[in-house]
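Chains as they are written, first to last, in our numbering: chain A, 1 to 251; chain B, 1001 to 1251.
If you are wondering where the hints come from, they were derived from the structure by calculation, not from laboratory data.
Quantities reported herein were computed from a predicted structural model and do not represent experimental measurements.
Heads up, a few of these hints could be off.
[Claimed, not checked] DEER-style ranges, computed between Cβ atoms:
| id | chain 1 | residue 1 | chain 2 | residue 2 | range |
| --- | --- | --- | --- | --- | --- |
| 1 | B | Leu1121 | A | Arg145 | 34 to 40 Å |
| 2 | B | Thr1162 | A | Thr234 | 50 to 56 Å |
| 3 | A | Arg15 | B | Lys1053 | 49 to 55 Å |
| 4 | B | Leu1121 | A | Gln142 | 17 to 23 Å |
| 5 | A | Pro212 | B | Ile1238 | 55 to 61 Å |
| 6 | B | Gly1092 | A | Ala112 | 29 to 35 Å |
| 7 | B | Asp1161 | A | Ser117 | 18 to 24 Å |
| 8 | A | Ala112 | B | Gln1156 | 46 to 52 Å |
| 9 | B | Gly1038 | A | Glu99 | 24 to 30 Å |
| 10 | B | Gly1038 | A | Val14 | 36 to 42 Å |
| 11 | B | Gln1177 | A | Leu208 | 32 to 38 Å |
| 12 | B | Leu1121 | A | Ala112 | 23 to 29 Å |
| 13 | A | Glu137 | B | Lys1053 | 31 to 37 Å |
[Claimed, not checked] Chain B is faced by these chain A residues, among others (derived, beta-carbon under 7 Å):
| id | residue |
| --- | --- |
| 14 | Leu107 |
| 15 | Leu114 |
| 16 | Pro122 |
| 17 | Ser126 |
| 18 | Ser136 |
| 19 | Glu137 |
| 20 | Ile139 |
The beta carbon of each residue, even a glycine, is placed where N, CA and C say it ideally should be.
Number of protein chains: 2
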Amino acid sequence: MLFDSGPISSHGIVRCPEDWQVTEPHGPGYSRIYHITGGGAIYRDAAGTHQLKPGHLYLFPENSAYQMRHNPADPLCCLYIHASLFPLVLHGMQELPVEPGHFLDHLLAAMADLIRSSDSLPLLQSLLTALIIWLSENIVLQQPRPEILQVLKYIQTNSRDTLTVSTLSQLVCWQKQYFIRQFRRETGITPHQYLLRYRLHQASLLLLQNIPVTEAARQSGFTDLKSFSKAFRTKYQIAPSRYPNYYRNIP
Amino acid sequence: MLFDSGPISSHGIVRCPEDWQVTEPHGPGYSRIYHITGGGAIYRDAAGTHQLKPGHLYLFPENSAYQMRHNPADPLCCLYIHASLFPLVLHGMQELPVEPGHFLDHLLAAMADLIRSSDSLPLLQSLLTALIIWLSENIVLQQPRPEILQVLKYIQTNSRDTLTVSTLSQLVCWQKQYFIRQFRRETGITPHQYLLRYRLHQASLLLLQNIPVTEAARQSGFTDLKSFSKAFRTKYQIAPSRYPNYYRNIP
């Protein structure tokens, strides 16, 4: 299969509490996926401000800054999933109308029923894969150019090893500076930033499985525990050891 | 992910022609999956006769004999998929009511919309994976006992190599005769029959991708082209070279 979704790190169906808001100064490193069923929110990024409306599916960027807030008198109600869309890259926010009786409507209804009843994560993952394939076939999502895709897959497979920008640029026979420029154009961030985010995301998923911090760091490709903890704190605003308790079902 | 569906070899949404019937003297080697939307059919196997009804999902066994026919005045209308449920094994026919507004109803509606509109095979495959996970979580399908599962996965990975029943029984440290009995109890057929069917199924999928006969035979683990052709003809009642044209969208 060509596409596969990254692991889901959070999901649910909620009516957001009054004080709900999202502030991502550098992008969260995963994509938020919302199916808004009631209320709404204001989304703001470098491109401007946009009103999020019920009856639409939204995809929010992994690697760029944005903010969201809602009107507490008409709070955001949505089905949400946090997951990496690997190897697909989403630059800006995407909005899709969910037409009643069409594929997307049925698929989201199946997801909602699943979350409300059995809440099986492997099953939700397989439906998310279906959603991502559909989005990619309907040109909402696009694969990066082949050379960058090759590098992203290489990082996925070899993230535990020592990887340098030189190694990665040699993979596709490009000059280092040209490689960095192209990588940034396709993903929005530098190879170094990408690798760090990828490893931190892997570590966060391991921590949620109650793997000890030292082991999670090692398995994600961090050789130095101190630099891991620092990078983790910078990204998640919490110590790695406290992360499993911090995981909350909020959009 | 724990489960994955085997490749889909045929699928569609049809109103069956008057002369439609199914005769499987030894089981087809894949599972038929029907969501009946109109008309009906009579199903017959060793256990007896059963009336197939609209509003139900049916799964038919891979490895045991059965027959189906319908009343031409009230012909069978259904969404159907032919696929292996690997590594899950289905002994008898299974019938499930499709309750309106529940998960199965939404998932089948998404499949139907997909088949009618884009007809994307990777997408249908991901939805089938979701269906199979759901069926396994709802105890309609069960995994074989761990030792047999290990052998089935070994066959999947190594089907191109020479595999003997002795090799397979040694994998799980069982006596050969005990192994054969256990294998048969879990899958309905002997290890030798299973391996042959698995290889023929692989070959048929390669042929559908327009891989030449010699190459398809070799890649599926057949060392002798003559015995491959003979086994293929016995199973599919057609020469391997003519199989790609023979592939028809019939349930």
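Going through the hints against the structure:
1. For B:Leu1121 and A:Arg145, the Cβ-Cβ distance of about 25 Å falls outside the hinted range of 34 to 40 Å, so the restraint is violated.
2. The hinted range of 50 to 56 Å is satisfied by B:Thr1162 and A:Thr234, whose Cβ atoms lie roughly 55 Å apart.
3. For A:Arg15 and B:Lys1053, the hinted distance range of 49 to 55 Å is not satisfied, since their beta carbons lie about 40 Å from each other.
4. The hint said 17 to 23 Å for the Cβ distance between B:Leu1121 and A:Gln142, and at roughly 20 Å that hint holds.
5. Range check, A:Pro212 to B:Ile1238: Cβ separation about 58 Å, and the 55 to 61 Å hint holds.
6. Checked against the hint of 29 to 35 Å, the pair B:Gly1092 and A:Ala112 passes, with Cβ atoms roughly 33 Å apart.
7. In this structure, B:Asp1161 and A:Ser117 break the distance hint of 18 to 24 Å, their C-beta atoms being roughly 43 Å apart.
8. As the Cβ distance of A:Ala112 to B:Gln1156 is approximately 34 Å, the hint placing it in 46 to 52 Å is violated.
9. At roughly 25 Å, the beta-carbon separation of B:Gly1038 and A:Glu99 lies within the given 24 to 30 Å, and the hint holds.
10. The hinted window of 36 to 42 Å between B:Gly1038 and A:Val14 holds, with their beta carbons roughly 39 Å apart.
11. With their beta carbons about 46 Å apart, B:Gln1177 and A:Leu208 fall outside the hinted range of 32 to 38 Å.
12. Range check, B:Leu1121 to A:Ala112: about 26 Å between beta-carbon atoms, so the 23 to 29 Å window is met.
13. Checked against the given bound of 31 to 37 Å, the beta carbons of A:Glu137 and B:Lys1053, roughly 34 Å apart, stay inside it.
14. Here the hint on A:Leu107 is kept, as its CB sits about 5 Å from the closest CB of chain B, short of 7 Å.
15. A least Cβ separation of about 6 Å between A:Leu114 and chain B falls short of the 7 Å threshold, and the interface hint therefore holds.
16. The interface hint given for A:Pro122 holds, since its Cβ lies 6 Å from the closest Cβ of chain B, which is under the 7 Å cut-off.
17. Because the closest C-beta pair between A:Ser126 and chain B is about 4 Å apart, less than 7 Å, the hint holds.
18. Using the Cβ-Cβ criterion of 7 Å, the hint placing A:Ser136 at the interface with chain B is not satisfied: the shortest such distance is roughly 9 Å.
19. Taking 7 Å as the C-beta contact cut-off toward chain B, the hint placing A:Glu137 at the interface holds, the least distance being around 6 Å.
20. Taking 7 Å as the C-beta cut-off, the interface hint given for A:Ile139 is violated, the closest approach to chain B being about 12 Å.
Of the numbered hints stated above, those contradicted by the structure are hints 1, 3, 7, 8, 11, 18 and 20, listed in ascending order.
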